[in-house]
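Enquirer: So you can see what is in the structure, the chains are spelled out below.
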Amino acid sequence: MIKEFKCCLFGFGLIGVSVGFFGLSSEVSAQASHLFRTYKHEVPQKLPETQEAVAAGKKVYEKRCWYCHGIEGRGDGPASKTMFPKPRNFTRNEYKVRSTTFGSVPTDEDLFRIVTSGIEGTAMPFWYTISETERWQVLYYVKTFNEQFKTETSPKVVSVVSVVSTPDSVQRGAELFKEFKCFECHGDDARGNGPLTVALQTEWGMPYRARDLTKAWNFKGGNAGEDIYRTISTGFNETPMGSYLEKMSDEDRWHVAHYVKSLAKDMMSDVVVKVKLVEGEELPTEPSDEAWNKATPMELPLAGQILVSPRQWTQSIDAIRVRALYNSNDIAFLLEWDDSTNKQEDVFRDAVSVQFPTKIPESLKKPYFAMGDSSGAVNLWSWKAYWKEGFGAIVEAPETEPGTVSELNAKGVKNITVQPPESQNVTGKGVYQNGRWKVVFKRSLQTEDAKNDLQFEIGKLIPIAFAIWDGSNSDVAGLKSVSSWYYVILEKPVPKTVFIYVLFAIIMGASIEVWFIARLRRFPPKLEEEQE
Amino acid sequence: MAKKRSPYLLVKVIFAVVCLFLFLKYAAPKVFQVLMAKEHLMPTPSTLMMWYMIMGVLAGLVYATTSNQKFADFLGFLLPEKGAMVKSFIRKMLFFAFPVIIGWFVYTWSIPGAASPVELRIQHPTLPQEFEKMENPFRNTDAETQRKCIEEGKILFQTNCRPCHGSKADGNGPFANSFRLRPINFQDPGTIATVVDNYLFWRIKEGGPGLPSEATPWDSAMPAWKDDLKDDEVWKIIMGEYDTAGVMPRQREKTE
Chain A
1 MIKEFKCCLF
11 GFGLIGVSVG
21 FFGLSSEVSA
31 QASHLFRTYK
41 HEVPQKLPET
51 QEAVAAGKKV
61 YEKRCWYCHG
71 IEGRGDGPAS
81 KTMFPKPRNF
91 TRNEYKVRST
101 TFGSVPTDED
111 LFRIVTSGIE
121 GTAMPFWYTI
131 SETERWQVLY
141 YVKTFNEQFK
151 TETSPKVVSV
161 VSVVSTPDSV
171 QRGAELFKEF
181 KCFECHGDDA
191 RGNGPLTVAL
201 QTEWGMPYRA
211 RDLTKAWNFK
221 GGNAGEDIYR
231 TISTGFNETP
241 MGSYLEKMSD
251 EDRWHVAHYV
261 KSLAKDMMSD
271 VVVKVKLVEG
281 EELPTEPSDE
291 AWNKATPMEL
301 PLAGQILVSP
311 RQWTQSIDAI
321 RVRALYNSND
331 IAFLLEWDDS
341 TNKQEDVFRD
351 AVSVQFPTKI
361 PESLKKPYFA
371 MGDSSGAVNL
381 WSWKAYWKEG
391 FGAIVEAPET
401 EPGTVSELNA
411 KGVKNITVQP
421 PESQNVTGKG
431 VYQNGRWKVV
441 FKRSLQTEDA
451 KNDLQFEIGK
461 LIPIAFAIWD
471 GSNSDVAGLK
481 SVSSWYYVIL
491 EKPVPKTVFI
501 YVLFAIIMGA
511 SIEVWFIARL
521 RRFPPKLEEE
531 QE
Chain B
533 MAKKRSPYLL
543 VKVIFAVVCL
553 FLFLKYAAPK
563 VFQVLMAKEH
573 LMPTPSTLMM
583 WYMIMGVLAG
593 LVYATTSNQK
603 FADFLGFLLP
613 EKGAMVKSFI
623 RKMLFFAFPV
633 IIGWFVYTWS
643 IPGAASPVEL
653 RIQHPTLPQE
663 FEKMENPFRN
673 TDAETQRKCI
683 EEGKILFQTN
693 CRPCHGSKAD
703 GNGPFANSFR
713 LRPINFQDPG
723 TIATVVDNYL
733 FWRIKEGGPG
743 LPSEATPWDS
753 AMPAWKDDLK
763 DDEVWKIIMG
773 EYDTAGVMPR
783 QREKTE
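Each protein sequence line maps, in turn, to chains A and B.
Heads up: the first sequence begins at 1 in the working numbering, then just goes up one per residue.
Heads up: the second sequence begins at 533 in the working numbering, then just goes up one per residue.
The hints are simulated quantities; they were obtained by calculation from the structure and are not laboratory data.
Mixed in with the good hints there might be a few duds.
[Stated by the list, open to error] Derived lysine-lysine pairs resembling DSSO-like cross-links, with alpha carbons at most 30 Å apart: (1) A:LYS411 - B:LYS737; (2) B:LYS758 - A:LYS411; (3) A:LYS265 - B:LYS737; (4) B:LYS557 - A:LYS58; (5) B:LYS762 - B:LYS737; (6) A:LYS63 - B:LYS737; (7) A:LYS59 - B:LYS680; (8) B:LYS737 - A:LYS365; (9) B:LYS544 - A:LYS414; (10) A:LYS63 - B:LYS758; (11) B:LYS758 - A:LYS414.
[What the hints assert, rightly or not] Chain A stretches covered by chain B per the calculated footprint, using a threshold of three residues with CB under 8 Å from any CB of chain B: (12) 97–110; (13) 224–234; (14) 442–448; (15) 478–486; (16) 506–513; (17) 517–525.
Just so you know, even glycine gets a beta-carbon here, dropped at the ideal spot from N, CA and C.
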């Protein structure tokens with residue numbers, strides 16, 4: 001009897017677990033913001049700053065840092081051509097991430113932290129990969145480039161005592177953000193689009209972009225409440241980001257820091273854009289339609305196009321957010337990205353394009369992700385911001401102008417064709433609001449031009465890729481921000497039959513259980529059997 | 533010899549299995565993050581999870597059946613017993629939980645989910661013939677010339693390859709996150725250290741588009757540099773690249 005029970009149990013246990021986890025194993029794992037460099041606070045025991053340490057630091061510097069920071073520390077190393085922001089010029093006091101007052105030099109600990117952490121959104125790598133000793137040595141050497149480190153041996157440090165965030169504090173912070181004119185650079189919605197920011201130029205003739213404070217991953221000095229408080233208090237030397245230590249009370253700086261912290265969001269990245277079915281409803285055509293909230297947004301990181309020349313080494317748009325809905329006839333996409341300006345100039349115009357293969361791939365094989373290739377054509381939906389004829393004029397696309405939408409095909413970067421007017425099936429419009437472009441694309445799921453247009457099918461993984469042009473960054477043609485292939489899937493609605501299965505499974509489970517226990521009661525396992 | 537009875541054996545086994553699940557799901561990612569000194573959590577892959585859970589359940593059952601007494605205790609829990617309030621409560625809980633869990637399994641299994649795309653690739657396909665015979669012209673020069681070449685190569689590497697492969701050749705350039713097929717980490721002993729240096733010459737000249745289809749050229753962001761870099765420059769980059777990464781190319785078999 002006991003044997004029989006044993007077999008039964010093993011059988012059920014195994015079948016149950018394997019079936020259950022087989023189901024779970026098909027989930028798609030999300031990429032997360034852990035990909036980004038973060039500001040690390042811990043500083044170990046300091047190494048004595050001796051002549052030998054500096055000499056050893058010179059070696060490290062000339063092995064690892066000079067390509068960017070230059071052999072004389074002027075920030076003009078041979079690799080610095082392709083960078084923005086430019087590497088730090090160590091002969092000047094332009095240190096950004098400091099715990100010391102504005103205009104002062106950073107402390108050794110500050111330097112250690114930033115060298116360890118690296119700076120996200122810039123070329124500055126993290127160096128926790130080299131030993132602590134080497135890090136201390138190299139930064140002692142870096143200090144020798146600037147006399148100020150010798151004259152100012154104990155710079156004044158701004159103390160940071162953590163204060164807990166409350167909704168009231170965030171509220172007050174929002175008011176102070178206006179009162180102290182942070183918005184003039186950072187913009188009303190803090191997307192780095194303030195009117196002042198575009199006017200200011202660096203010594204390299206590049207615009208000083210105020211930080212987009214909604215992107216948590218781009219905070220150079222860390223995005224914890226204490227970090228933001230410190231940044232607001234100390235400012236960034238030699239940038240428009242000044243210090244508010246004197247201008248604002250301690251408490252007020254905390255309010256603003258809490259407000260900024262509340263705005264900063266992580267990148268919600270994933271691999272598959274899930275398109276929600278909205279049954280029996282028209283799809284939204286306006287970018288601000290409430291209906292978009294039904295779709296789960298997905299964000300993905302963009303890189304400068306450096307695959308073929310001309311190359312965009314210093315791209316300004318680093319992320320795009322995608323949402324999509326479909327009904328029985330149509331599919332619609334909402335694309336959003338932060339752009340600090342809405343400046344359109346002749347060829348330099350803000351634009352976006354979505355790329356699909358012309359056919360859903362049957363196998364692993366796809367067209368080349370950068371505009372296809374001779375053996376695999378892609379279908380592009382492109383939107384371009386409005387621009388007024390008239391040579392040299394710089395205009396802002398008005399909200400009433402939807403921009404131009406067109407459908408193209410490409411078989412490689414040199415082989416791009418615009419589809420003839422009769423097969424232009426995509427409609428859409430773009431609106432610029434408070435530092436963000438929102439562009440809608442809409443098309444029927446099926447079209448007549450099956451050779452050149454992608455035909456959507458429900459429940460299939462369809463490759464999708466994106467490209468964005470920022471006119472004010474002189475983006476045009478190959479100069480753009482790009483993504484690699486991601487996927488889009490038109491979600492199947494949960495069929496009603498699933499619930500019947502579930503009910504059936506529960507009844508089955510319960511009956512087996514009842515049977516098992518009844519049997520167990522009739523033939524209770526006996527210990528005596530052991531003595532057989 | 534008095535045998536020890538353990539009337540709660542069934543509950544203990546179930547508890548152990550649940551603990552295993554919680555560990556794999558929530559604790560293991562953290563533990564491996566610390567152990568492997570990673571920046572981020574290391575979630576247990578779901579297929580691995582499935583196998584561990586199967587093994588966990590099996591182990592529990594094997595343990596419960598090691599002796600007939602254990603097994604009797606194991607099942608005996610399910611038998612009614614007078615006056616044991618706690619036991620009867622747990623028993624009722626189990627009785628309800630079992631069908632519900634089965635129902636949940638069936639539900640997660642049968643809802644249409646987005647299956648994760650399969651993206652298998654061969655990282656090092658065979659080197660095309662025309663590149664097989666190539667030799668690095670700077671390989672057998674004197675130490676001083678070699679040092680110069682490495683230095684020039686490093687500058688070219690830092691200028692052209694850094695945004696993707698990173699300044700340290702660790703695959704962590706600022707653009708690396710944007711390409712789902714990540715730029716290769718050359719410090720990883722499984723990458724350029726396992727191939728001869730003319731293999732790199734081919735990869736740099738022809739890039740992603742030059743790959744055969746088993747290496748998924750359509751996903752590779754590796755540019756074809758043939759129009760932008762001269763042969764000499766590419767050889768120098770290769771020397772600089774190995775030096776930056778701190779690895780050596782595989783030595784070619786001597787052809788007699």
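Enquirer: Please go over all the hints and tell whether each is borne out by the structure.
Expert: Hints and how they fare:
1. A:LYS411 - B:LYS737: Within the cut-off at roughly 21 Å; holds.
2. B:LYS758 - A:LYS411: Between LYS758 (chain B) and LYS411 (chain A) the Cα gap is close to 20 Å, so the pair holds against 30 Å.
3. A:LYS265 - B:LYS737: This hinted pair is violated, its Cα atoms lying about 40 Å apart.
4. B:LYS557 - A:LYS58: violated (47 Å)
5. B:LYS762 - B:LYS737: Given that 30 Å is the threshold and the Cα spacing comes to 9 Å, the pair holds.
6. A:LYS63 - B:LYS737: holds (27 Å)
7. A:LYS59 - B:LYS680: holds (17 Å)
8. B:LYS737 - A:LYS365: holds (22 Å)
9. B:LYS544 - A:LYS414: violated (67 Å)
10. A:LYS63 - B:LYS758: With a Cα-Cα distance of about 28 Å, the restraint between LYS63 (chain A) and LYS758 (chain B) holds, given a limit of 30 Å.
11. B:LYS758 - A:LYS414: Distance ~16 Å between LYS758 (chain B) and LYS414 (chain A) Cα, so the pair holds.
12. 97–110: violated (count 0)
13. 224–234: With 0 residues closer than 8 Å to chain B, the region 224–234 of chain A misses the three-residue bar; violated.
14. 442–448: violated (count 0)
15. 478–486: Satisfied; 5 residues make the cut.
16. 506–513: holds (count 6)
17. 517–525: Holds, because 5 residues of the region 517–525 of chain A bring their Cβ atoms closer than 8 Å to Cβ atoms of chain B.
The structure fails to meet hints 3, 4, 9, 12, 13 and 14 from the earlier list, while all remaining hints are met.
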